[in-house]
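Chains as they are written, first to last, in this note's numbering: chain X, 20 to 290; chain R, -9 to 307.
Among the hints, a few may not be true.
[As the list claims (entries may be wrong)] Interface residues of chain R toward chain X, partial, derived using beta-carbon atoms under 8 angstroms:
| # | residue |
| --- | --- |
| 1 | G151 |
| 2 | T152 |
| 3 | S157 |
| 4 | I173 |
[Stated by the list, open to error] Examples of chain R residues toward chain X, derived with CB under 7 angstroms:
| # | residue |
| --- | --- |
| 5 | L154 |
| 6 | L156 |
| 7 | A160 |
| 8 | D163 |
| 9 | S164 |
| 10 | A166 |
| 11 | M167 |
| 12 | R169 |
| 13 | A170 |
| 14 | S171 |
| 15 | N174 |
| 16 | K295 |
No wet-lab data here; the hints were simulated from the structure. We put the CB at the ideal spot given by N, CA and C, even for glycine.
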Amino acid sequence: MLQLKNVRKTFNAGTVNEKKALTGVNLTLEDGDFATIVGSNGAGKSTMFNAIAGSFYPDRGSIILDGKNITFVPEYKRSVYIGRLFQDPLMGTAPHMTIEENLAIAYLRASKKQHAIFSRISKKEKEFFREQLALLDMGMEDRMKNPVGLLSGGQRQALTLLMATMVTPKILLLDEHTAALDPSTAAKVLDLTRKIVAERNITCLMVTHNMNQALELGNRTLMMSDGRIVFDVKGKERDGMTVEDLLEKFAQGTGKNFNNDRILLSTEQGE
Amino acid sequence: MSGFLTMGIVQTALELGLIYALVALSLFISFSILDICDLSTDGCYTLGCAVGAVVTIAGHPVLAIFAAMAAGVCSGFITAILQTKFGVQSILAGIIVNTGLYTVNLGVMGFSSNLSLFGSPTVFDLFKSLSSSKAWKSWSPLVLLVILLAAIVLAIYWFLGTRLGLSIRATGDSPAMVRASSINPAFTTIVGLCVANALTGMAGCLIGQYNGNSDINLGTGMVTVALASLIIGEMFFKNGSMLMRIIGVVIGSVLYRFVMSVALRLNIPTEAFKLVSALIVAAALTTPQIRKLIALHAQKRASMKMSLEDEEEGGDR
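Only chain X is shown next, with the shape it has when bound in the complex (with noise of 0.2 angstroms):
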């Protein structure tokens, strides 16, 4: 269960770039929770995920894992329990490093203890690797000791998935993890990503731009908007909840409306 209590933080305090990124953000997720996120660019969307991954501090309230106050664990501890893929497919994976070095690196959170430093990756675990990258269907299990920098955008974020998923972490954070990738590469990226989530019954938190996905996906939809959370719909609402009902609470909950032409785009367009 991840809580977030009274998150704040404001970039540049006291100086004319000042910028109240969150203010005052409050959320429970509970075990399983798969919760879509929507909001305009600069709502606070990745600001919160950064928060919850460590990239900073926040100046006030707490971030609790698992009954356990994380909000001042630095960044890469809490990477053995925090999954996260970015937008940009780039980042997440070493381009001059093999396949197979590349799962053995993010397989060093199984566990510290079991893998000591100097112990080479092993035959059972490349054996394990291999099936695992059979399961993404993207024929990259014959390609293990090919740079990752050779693979395509879908198939180094499929290969990203893997390696936060790998050890199941606690919570997985998604930013807009399929938006820089063509239209059926993503479909099918979202499709792993769903099989995967549901499958592990992983914790999971997703920044989409598109109206369609932010209702249909997971079982809950929140909202963003001026560093907060501003719309929490789960359960019988949010199954009767078309996008139009979703545009109407944005303007309700910020008093403007939602004027940014991607989400509207993804939204004439469907999924």
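Chain R: place on chain X using the hints.
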């Protein structure tokens, strides 16, 4: 062959090339793998030589190598701490440590700018004394260095394949991925720089024992020389396997020494050597871009020519 490059010159080039290869391997770890420009190399090299010389004079030539490596580790540790914990830019951190090391090196040598190892047995003397045959007397230093370098190359190859080594490689390749994999990039940077500088220190110690003296200005320009060797090596084996890349660095260093030997035979004065190394590095670094420009020019001309032909054909129609 015997006229221009005598056996003695070839042998010296090989021996020096192998010793300098250690510095090139050090830069391979810091520059190619960790993506850090470690400018403390000059000072660290002299530090290794100074520490090694003092311990050798005390009568422990083998221990001297380990002492020099330990000194290198300390130097690398300080450079790394400045970068990772205090956020000093890597180039500045190297320059600061390099400057400070000058005084430290003088101090190690008892505030004299020169130390002679005359009369103290070195590892080369110890190895030479294993057999009394004439051929062994002249070839034993090369044999010793080949064995040593082979062991170091294999050790580096092994190390880069371990989980720690992979993490160090990932730190230079994708810091975001490292943080997402529960590895502390500060830790991997520190370990990487310590290993790299241990190699530099070792090279300094060996050159001191090889030359039979230690000089405060020994390391000046070393980073450029090592970079030249590294670039020559990487030119040939850039896309090879990790083992081939490491061996390539050693070969690059030996090739560089051969170029220098040829320069010496062409009566280029020794004072000009630093300029020659700088020119080699500059040439190696600019080659890819120059090749691109030439290719672009050729493509332009070909394209213009074909367009002209198209137009002429169009006129005929």
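Do the hints match the structure? See the list:
1. Because the closest C-beta pair between R/G151 and chain X is about 5 angstroms apart, less than 8 angstroms, the hint holds.
2. Checking R/T152 against chain X by beta carbon gives a least distance of about 5 angstroms; that is within 8 angstroms, so the hint holds.
3. Hint status for R/S157: holds, given a least beta-carbon distance of 6 angstroms to chain X, under 8 angstroms.
4. For R/I173, the interface hint holds, the least distance from its beta-carbon to any beta-carbon of chain X being 6 angstroms, beneath 8 angstroms.
5. Using the Cβ-Cβ criterion of 7 angstroms, the hint placing R/L154 at the interface with chain X is satisfied: the shortest such distance is roughly 4 angstroms.
6. Satisfaction of the interface hint for R/L156 is found here, the shortest Cβ-Cβ separation to chain X being roughly 5 angstroms, below the 7 angstroms cut-off.
7. Annotation: interface hint on R/A160 holds; nearest CB of chain X at approximately 5 angstroms, less than 7 angstroms.
8. With 7 angstroms as the threshold, the beta carbon of R/D163 comes within range of chain X, its nearest partner Cβ sitting at about 4 angstroms, so the hint holds.
9. Hint status for R/S164 relative to chain X: holds, with the closest Cβ pair at about 4 angstroms, below 7 angstroms.
10. A distance limit of 7 angstroms between C-beta atoms decides the matter here; for R/A166 the minimum to chain X is near 5 angstroms, and the interface restraint holds.
11. The interface hint given for R/M167 holds, since its Cβ lies 5 angstroms from the closest Cβ of chain X, which is under the 7 angstroms cut-off.
12. With its C-beta approaching chain X no nearer than about 5 angstroms, R/R169 sits inside the 7 angstroms limit, and its interface hint holds.
13. Hint status for R/A170: holds, given a least beta-carbon distance of 5 angstroms to chain X, under 7 angstroms.
14. Proximity of R/S171 to chain X holds as hinted, the smallest CB-CB distance being about 5 angstroms (cut-off 7 angstroms).
15. Satisfaction of the interface hint for R/N174 is found here, the shortest Cβ-Cβ separation to chain X being roughly 5 angstroms, below the 7 angstroms cut-off.
16. For R/K295, the shortest C-beta to C-beta distance to chain X is roughly 34 angstroms, which exceeds 7 angstroms, and the interface hint is violated.
Of the numbered hints stated above, the single one contradicted by the structure is hint 16.
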